[in-house]
Amino acid sequence: MRTHIISTIFQKELKEVLRDKRMIYLIILMPFFLYPVLFTIIGKVGQSQSKKIASEKVTVYLNPEGQGTPIYDLLQKDTSLKIVVQNFDRAAIDTLKNTIGILVDQNFANIQNENGSAAVKVFVDNSKDLLNSRKKKVLKKLNQLNDDLVHQRLTQASLDPTFIQAIDIQEEDLATEEQMLGKILGSFLPMLLLLFIFLGCIYIAIDITAGEKERRTLQSLFTTPVTTREIIAGKFGAVFTVGIVSAAMNLLSLFFAMFIQVSLMTSDGTSGDGPPEFALTVSPMGWMWVIIIILLSTIFLAALSLAVVLLANSYKEAQSYVSPLMMLVLLPAIVSQMPGLELNMTTAMIPMLNISLAIGEVIKGGFDVGLVALVALFALIYAVLALLMASLTFGNENVITGEKVSFKGLFKR
Amino acid sequence: MQTLIEARKLTKDFDKFRAVNDLSFEVKKGEIFGLLGPNGAGKTTTLRMLSGLLTPTSGEAFIAGHSMQHDQLAARSAMGFLTGDMDLYRRLTPVEVLAYFAKLYGVPKAQWQAKGKQLIEAFGISEFKDKHCEKLSTGQKQRVSIARTLIHDPQVVILDEPTTGLDIMASEFILQFIRRMAKEEGKTVIFSTHHLDEVERLCDRIAIIHKGELQHYGTIAEAKSRSGKEKLAEAFFQLVDA
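Residue numbers (my numbering), protein chains in the order written: chain V, 132 to 544; chain B, 15 to 256.
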């Protein structure tokens, strides 16, 4: 293969792509604006919803028997609740807006005096976010009251509170904030990454194969003194480059959008305890493996895209191949998110699933180098197979002359 | 005289259909050779086998002495090929198209720049040389396409219906250029067309094919004489029906 010929084809393909406004929009402008805008809108909507839930008052219907109990005092102290003392039933609560019903046992005081257990029934529509959130608050207060009353009883009976606590369960979270971020990113980032690479590859692959067939420019290339392999290499290089650029642009934009989102949360003070960190603890070795696997998976997706869309005779026909191909690529990546599924000798061999799992594990931290290397090896094997398939498709004379290619005819020379 | 194009017992089958059967002819240096036949006769298949786009089921094609089956790159280097099925890259300018194909043919930069300049002048491309090809008219595109076919100064030029879709002025321009190319520059031209008047004006010899079979191979005068007709059109119908 002659590198100057490959380079000539590669440069021409990129030049054409860069002059296609649709492609520029899809590869650069869309990701550049999409995520920051999307994240900002989602963030703002989320913030406004949180504020609304925090500030809006909820009515609590309490039966008259509950008024003389500590429950009434407890609820009244909460300014986000409006207490209405009156009789009610389940149906009444169901018809009222933003209302919770609390039905306290008629004999609450007597039961308490006899060290019994008094029923407190809470009526709430859990499908409403506001009511659900307020119910949690009310239940927390009631549980605290229960603990206090039990504590009083134990004291009266000269018993230590540990009397009713045989085991004191203490949990300590060892994960750092970076590790938690790694866990979150590691679960969805590989899938997004594969999607971005695929989308970057598929549209240019369609343009320089089926698009060229439709525009009747492919034949002239095959009458020049250039080998099929040189044509594939030049076109493949262009698809690979655009795939990588697309993935990089999407990822940069995604991280930028996340950074903006985290900054917004920090400045608004809605992030909880202290400012959130936006840092990953992936070792240089980990990044090296991520880059190797991304490059190999881009080779695979670029070659696969070329081989498949070349079977189409028009842009429209090629576009109809995109959805099934996308499912083929993304389903294993989605499956990789299933709980309990992890990288092992078997999953390391399954295309796309292995890449998704490997990138996820590296980002989460603590990966097995041997398994990740095995994934890289299999990714390389699949990339070579996809290139061979692309070569098979390109060498078919029906493809060259723009005729319809049957699957059976693919293997004919 | 040197033979620059040779079809040697070319046969092409598409599944069970035989498109071309045992076709043989030769074209000498400086000749304009017309390939005639009704639609579906096998003309395009023959030209595609000569250019290496299709592999013959049997037989062999030679361009400037190089086998298209066994020495394809050398054979293609000696040939410029243009059919009505070919278009230009829409997002490139004519100058970029010429540069691209010159590089693919391995023409040194200084050489293709000089040749490109000459072709741009000869084909009147100057005024639209920097426009994207998608903005050119059919006639302008065809001029650029022929210039693209000649950028590497090939010994053999194969043109499949080069005047189809062109107006009378553009057609005349192309025909005169074909004549000049053969008679002044010594290039060998195979020329396929449905316009028999163009054939009478240009071609030294012709081949008439029908249903993949060679019906006539010789001069126009010989075709008329064989068929006993005075006009080529009448001779054509006679030979095809025979």
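These are computed hints drawn from the structure, not numbers from a lab.
It cannot be assumed that every hint is accurate.
What the hints assert, rightly or not - Residues from chain B that face chain V, not an exhaustive set, calculated with beta carbons under 8 Å: (1) 62; (2) 66; (3) 106; (4) 109; (5) 183; (6) 210; (7) 245.
Backbone N, C-alpha and C fix where the C-beta goes; we use that ideal spot for every residue, glycine too.
For each hint, the structure was consulted:
no.	hint	verdict
1	62	holds (6 Å)
2	66	holds (7 Å)
3	106	holds (7 Å)
4	109	violated (13 Å)
5	183	violated (24 Å)
6	210	violated (26 Å)
7	245	violated (34 Å)
Figure legend: structure checked against the earlier numbered hints; hints not met, in rising order: 4, 5, 6, 7.
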